[in-house]
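*Asks:* Protein sequences appear in the order of chains H and Y.
Under this note's numbering, read the first sequence as residues 15 to 349, first letter to last.
Under this note's numbering, read the second sequence as residues 861 to 1146, first letter to last.
Some hints could be false.
As the list claims (entries may be wrong) - Derived pair list, reagent style DSS-like, types lysine-lysine, alpha-carbon separation capped at 30 Å: (1) K145/H x K175/H; (2) K1142/Y x K65/H; (3) K64/H x K1142/Y; (4) K907/Y x K983/Y; (5) K983/Y x K220/H; (6) K65/H x K912/Y; (7) K1058/Y x K40/H; (8) K64/H x K216/H; (9) K1058/Y x K65/H; (10) K65/H x K227/H; (11) K291/H x K220/H; (12) K77/H x K173/H; (13) K897/Y x K883/Y; (14) K291/H x K216/H; (15) K134/H x K77/H; (16) K1058/Y x K24/H; (17) K974/Y x K77/H; (18) K134/H x K24/H; (19) K65/H x K907/Y; (20) K907/Y x K893/Y; (21) K974/Y x K40/H; (22) K24/H x K983/Y; (23) K1094/Y x K287/H; (24) K1138/Y x K1094/Y; (25) K291/H x K1058/Y; (26) K1142/Y x K220/H.
Hints listed in this document are in silico derivations from the structure and should not be mistaken for laboratory results.
Only a predicted model underlies this, so the values are computations on that prediction, with no experimental measurement involved.
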Amino acid sequence: MVDTVYLESKLVENQRAASVLTRYPKADRVLVDHYGEVFNATRQNFRIQKKNPSLVLAEKLGKRVLPTPAQYETGGGAHYYFSHMLNCVYDCRYCFLQGMLRSANYLLFVNYEDFYRDIKAIAIEHKDDQKPVWFFSGYDCDSLAYEPVTKFAEFFVPKFKELSNAVLELRTKSTQIRSLLEIEPQNNVVVAYSLSPERVAKEVEKGAPSLKKRVESMQKLQRAGWRVGLRFDPIIWHADYQTDYTAAIDLVFSELDPTQIDSVTLGGFRLPKDFYKTMLRLYPEHWLFSSGLSESDGLVIYRESIENEVIEYVRTLCRAYMPSDSIYTYPSYGS
Amino acid sequence: MIDPIKQNTPVIHVIAALNCEVKCLVDAFRLKKTNDKPFPTYEGLTKIGDDKVNVCVLISGIGAIDMASAVGWLGARGISRNNIWLNVGIAGHSDFAVGTTFVVTSSRDLFSQKTFYPPQVAKRISESSGCLSVNAPSGEYPDNGGLDMEAAAFFRSAARFSATELVQSMKVVSDNPESSLEGLNAKVIGELMNGSVKEIVGFLESLLFLVRDMPDLPAPLLLPDIRATHSQKKQFDALSSKVCHVLNQSELNSLEQRLNRVSNVSEAIRMLEDILLKFTPKIGGG
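Could you put together the complete structure from these sequences and hints?
*Replies:* This is how it looks when you write it as structure tokens:
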């Protein structure tokens, strides 16, 4: 439920904005010249706003599709990401958005056509590459969690049919998969699920579906013919992490067909130092920000011994089911 | 004097231009007038919803300068980052009927042309509207909006002292295109405000809900009486804040005793670092 919608004045006649607004007939509407007046205003408190976020409808100008850091690859060629939305309906304590953004409001860019035009132009630039070019969605939001409102997948997934050398990765924790199940599966779309053991999810992924529900959704997608990916990133170190991750991986691979899993990626908890400081100010009482961390090269990350241990442990578990060349790790040290 | 309940327990600050705009709240909360100068101030401990909180009502005088001065004066006395600031008072409105209470969702200053959007997080039952702040009483109403003289200055000043989600303004319509300003006096204004007490208190309750689970700042560990540079003190405080959240009270008591025996600050810092180094979180148990 959204109580307040901020709308850029130039979008008053916009069809997609109007369609979103019909979902919230009782919400207050506040016109703004530019979304930044609301979203980037100083002295907002992310933690307080998360209790009842507003929706901001805006147009994304400037750079819409950006290259990912070199490390983040999942077997493709060139890698890019784009964000049709900033912020998420879930409240994951480790999420870097809490440290990066001033506002917890949902910022939805409604000019999907412009995003697609940029994606298509980049795909054309890479038309002679040996490997397909990957486009990640869901770095700054959950790709599917708000689907009934945003119709994001409904718009973008069919568009990728036109891009034979491109792959779209939808990063999600959501069970909102109806729009995918209603259409024919596409070989160049990967639905990548962020996964955590049940107890970890319950503790640090507030509002997100349980591991069991996520696995059920993946199973439905897999059976319908969609490519799925597994993302244990971040792996959360804690006293019982071995027991918890063993149980989680047993569950995942007992329900899914490993031969139909696109890739697995693994990473430790890591944040840019400034984001970490902001998040520590917001949640000083949370153990996540006081346990096992050290600083290195402007990042706050698990101490080397912890990060190596947790990634290696989970990688070994996954290797029982998946070939090594489908498992990608994102170590913070020595890369 | 405000009761020091806890360091980060919020104080509710209610600010209005005129005494007649807040008399109903002073009475409802049974506040006592203080001897503070230069702004008339009423304070007291009162129950709002489930919370017992300190409320401070202050009368700024009319206009932006008086409002900004009053907020600055009151803000300088605050210690919590989670204090609630509410501006109440009368306003004109282009559309709303006289007596309607509304929460200000955007506040534009006619002089600077700057607009402030107070984040709308607290639940409310009242109407909502934008509001234009002008320098003098006027019968020229903005399109679809309210008209007042203090809200813009209030927001701009109070946002320096609290998170903007906790800085809000609630207005009661005193005039509109069909019912002019003429005839407004303290008695009429008092009656208008009296009719909105329930909505104002309800809104304060919602604002309090927003800060209910904000973390208690633990009593900081005291650096032993030894020489330390400013940066060493900062380092000790940062570590101490983390350690306070990972140890239980008896472990903290024991740590304090050990800290009292250290001979230099580096040793104290190492002691805290060592605790964090050995800390392994338990899911469900902290």
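*Asks:* Evaluate each hint against the coordinates.
*Replies:* Here is how each hint holds up against the structure:
This hinted pair checks out: K145/H and K175/H have alpha carbons roughly 17 Å apart, not beyond 30 Å. This hinted pair checks out: K1142/Y and K65/H have alpha carbons roughly 26 Å apart, not beyond 30 Å. Distance hint between K64/H and K1142/Y is fulfilled; the C-alpha atoms sit about 25 Å from each other, no more than 30 Å. For the hint linking K907/Y to K983/Y, the alpha-carbon distance of about 19 Å falls within 30 Å, and the restraint holds.
A C-alpha spacing of about 21 Å is found between K983/Y and K220/H, which places the hinted pair at or below 30 Å, so the restraint holds. A distance of roughly 22 Å separates the Cα atoms of K65/H and K912/Y; the hinted pair therefore holds under the 30 Å criterion. Between K1058/Y and K40/H the CA atoms are separated by roughly 22 Å; this keeps the pair inside 30 Å, and the hint holds. For the hint linking K64/H to K216/H, the alpha-carbon distance of about 17 Å falls within 30 Å, and the restraint holds.
Annotation: proposed proximity of K1058/Y to K65/H holds, straight-line Cα distance about 23 Å (limit 30 Å). At roughly 24 Å between alpha-carbon atoms, K65/H and K227/H fall within 30 Å of each other, so this suggested pair holds. A C-alpha spacing of about 21 Å is found between K291/H and K220/H, which places the hinted pair at or below 30 Å, so the restraint holds. Annotation: proposed proximity of K77/H to K173/H holds, straight-line Cα distance about 20 Å (limit 30 Å).
Straight-line distance between C-alpha atoms of K897/Y and K883/Y comes to about 18 Å, which keeps the hinted pair within the 30 Å bound. Among the hinted pairs, K291/H with K216/H is consistent with the structure: their alpha-carbon atoms are about 24 Å apart, no more than 30 Å. The suggested pairing of K134/H with K77/H holds, with an alpha-carbon distance near 14 Å, which does not exceed 30 Å. For the given pair, K1058/Y sits about 38 Å from K24/H by alpha-carbon distance, which is inconsistent with the 30 Å threshold.
Straight-line distance between C-alpha atoms of K974/Y and K77/H comes to about 27 Å, which keeps the hinted pair within the 30 Å bound. A threshold of 30 Å between alpha carbons decides the hint, and for K134/H with K24/H the separation of about 25 Å falls inside it, so the pair holds. About 23 Å separates the Cα atoms of K65/H and K907/Y, which keeps this hinted pair within 30 Å; it holds. For the given pair, K907/Y sits about 18 Å from K893/Y by alpha-carbon distance, which is consistent with the 30 Å threshold.
Restraint check for K974/Y and K40/H: satisfied, since their Cα atoms lie roughly 28 Å apart, inside the 30 Å limit. Taking the CA atoms of K24/H and K983/Y, the gap is near 28 Å; set against the 30 Å cutoff, the hint holds. At most 30 Å may separate the alpha-carbon atoms for a hinted pair to count; K1094/Y and K287/H meet this at roughly 17 Å. At most 30 Å may separate the alpha-carbon atoms for a hinted pair to count; K1138/Y and K1094/Y meet this at roughly 22 Å.
Restraint check for K291/H and K1058/Y: the C-alpha separation of about 40 Å exceeds 30 Å, so the hint is violated. Of the pairs offered as hints, the one joining K1142/Y and K220/H holds, with about 17 Å between alpha carbons and a cut-off of 30 Å not exceeded.
Hint compliance for this structure: hints 16, 25 are broken, all remaining hints hold.
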